[in-house]
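Peer 1: Here's the letter readout for the chains.
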Amino acid sequence: MNRGGRIGPPVVVCLPASSKEQTLAKRTRRSVKKTSATPSAASPSAKPAKSASGGPSKTASGSETPSGLGMGLAFEQPILKLEKQIQELLLLQETKGVDYNAEIKQMRDNLTALLKKTYDNLTAWETVQVARHPSRPQTRDYIDLMVKDFEELSGDRRHGDDKAMVTGTGRIGSHKIMLVGHCKGRDTREKIACNFGCAHPEGYRKALLKMQTAAKFGLPIVTLIDTPGAYPGLGSEERSVAEAIAVNLREMSVLPVPVVCIVIGEGGSGGALGIGVGDRLAMLQYAWYSVISPEGCSGILWKGSANAPDAAEALKLTSRHLRELGVIDEVIAEPLGGAHRNPRQAAVALERYIDRTLRELKSLDAEKLLDLRYQRLRRQGAGALVE
Amino acid sequence: MTQLMTSVKPLPSQQPSVSPARKHVDVPAGLWLGCPDCGEMIYRKEMEANLHTCPRCRHHFRVSALQRVNMLVDTGTFEETDKRMTSSDPILFNARKSYKQQLLEAQKASGCGDAVITGKGFIKGRPMVLAAMDFFFLAGSMGSVVGEKITRAIELATAERVPLVIVSCSGGARMQESTASLMQMAKTSAALARLHKAGGLFVSVLADPTTGGTTASFAMLGDLIYAEPKAMIGFAGPRTIANTIKVELPEGFQRAEFLVEKGFVDRIVPRGELRSTLARAFDFFGR
Ligand SMILES: [Zn+2]
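In order, the protein sequences belong to chains U and V.
The numbering of the first sequence is numbering that gives the first Met the number 0, which starts it at 0 and goes up by one.
The numbering of the second sequence is numbering that gives the first Met the number 0, which starts it at 0 and goes up by one.
Because the hints were derived from the structure by calculation, they are not lab data.
Hints may be right or wrong, so weigh each one.
To give an idea of the interface, some chain U residues facing chain V are shown, with a C-beta separation under 7 angstroms as derived from the structure [to be verified]:
(1) Pro231
(2) Pro255
(3) Ile291
(4) Ala313
(5) Asp354
(6) Arg355
(7) Ser362
(8) Leu363
(9) Asp364
(10) Ala365
(11) Leu368
(12) Val385
Note that CB positions come from ideal geometry on N, CA and C, so glycine has one too.
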């Protein structure tokens, strides 16, 4: 069944009618709660992603099954159920000493098939949910997994240090790089400190300052994009987040070093673009990138967030669509069942892409690089013009 | 490629040509109308003769791109570029309303292909390139056409070494073209980087309202940034902000005067002084 092209709320398969209804009702509530791409929407009182919590160095462990049904995505329930059954059988085998190896192997094969089938046919809205999965690896996870000798650099030297944006030096593969990325935070405390990944003007100004430092020393730049959007608030407007983003767009277009940008989770509008101008733009397979969040779009067209699934389809925000439209250069494949099932493997794919791409870009002199970067930007939207 | 105009000669200083009564979308039809600011009943003809401002309180009514061109550029000197450019509806956006249908309706109502008019002309005899956005066309939103026309205007000003004026009046990036609209922010800003490097003058004029992706790209990148009195200027909409922070927004928040106070707008320029203010800036910074 190809669910990719269907418009309308995703229907949970393999559930009895009554619980299907309940699930949909629950989901509607959840999507209302998540409304806007704003921090308030993702209520700070919500359960932390992982009770493991700890500092930013804690990594999302892919082998773990999200605890409790509330944690899993609705369309993943059959997968989670099967994963649980396998765990139970393993436990049974251990405690009772009965040989269930054949059954377990069969169930694991079924699980692989189910994961593949589910993830090959994700709707746009389901993709958005994967991109927001509480266990999905974030910028700091990728730093831990693929950046060697990372040294964080703080502050915009104007106003303060925005925790929603991390910047620092390190090595990826054979390259010395400056890394810039959005931070959403894992546990509640971190999420609040990071404003749920919504950066203020000082975040964008810090990013630019570090990128210009990198340019001065000929260091390539890697940006990891993962934000619901720039922070909508008083301070953000008083210190003009619009001006901060605008200046980044202009200045990033002329940084005389390779700039590689990758959407690793959410690509929420101008807040994403504010660190997203470069020589290459790639997306992890289940990331999304759009001019507006599905909830925001639904709010404008339907006066409420209930139609976010329809909006997600209409906005063509998946990596596959954006590759077809020529907005992005490459889709980086995620592990079977999404990056949250195997962050390490996702990091390896990311690292390989960055290493290979930087090799390519480093062969160009600065003038050629900037010329190609301008031509790349110049083509954006060309397919839409009728003259 | 932008069509280059060849036969334009500098003209003597002229009075701005006030457009004849054209179709207003925001002002109810009729001989008289109530001013939304001072509440007075004002005579429409008088309002229009006052560059679409209230004769009592100077409230600045919103004007279309065409009216803006007519009130800003020396009469008879404007040569429009890319007049026929339209959008092909690249992602076949059809959620609740069909974008194609919305475009057709907006084109019919405005007589414009999209939400910006671009071209070359003179202000008080000084040559310049102008882009004027039209809020009456899908809220002045920037899709591929607006982004392309503005980029070409920037490139034209760079090539011809004349000042660039962009009058923004826009709700931001256009939802119906999704990520392509977002990329117009990067495209226009990259073009401005080149103008900047070439030493060209860019005056950004902000009219009510200038928000979202328009503010977060070319509108905030002027060498000089002027704003019309009380114009709403910001990134996020006030309702979004109020919903997020759950506090009442301060009086005058996101108005032009607020941005001057916070250091993001150079000066408030009333509509009646815009031509002379621009001409002085061209002379002062001109090459
Ligand atoms: Zn009045």
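Peer 1: Each hint: holds or not?
Peer 2: Each hint tested on the structure:
no.	hint	in the structure
1	Pro231	holds (3 angstroms)
2	Pro255	violated (12 angstroms)
3	Ile291	holds (5 angstroms)
4	Ala313	holds (4 angstroms)
5	Asp354	violated (25 angstroms)
6	Arg355	violated (24 angstroms)
7	Ser362	violated (22 angstroms)
8	Leu363	violated (17 angstroms)
9	Asp364	violated (17 angstroms)
10	Ala365	violated (14 angstroms)
11	Leu368	violated (13 angstroms)
12	Val385	holds (5 angstroms)
Checked against the numbered hints listed earlier, the structure breaks hints 2, 5, 6, 7, 8, 9, 10 and 11; every other hint is satisfied.
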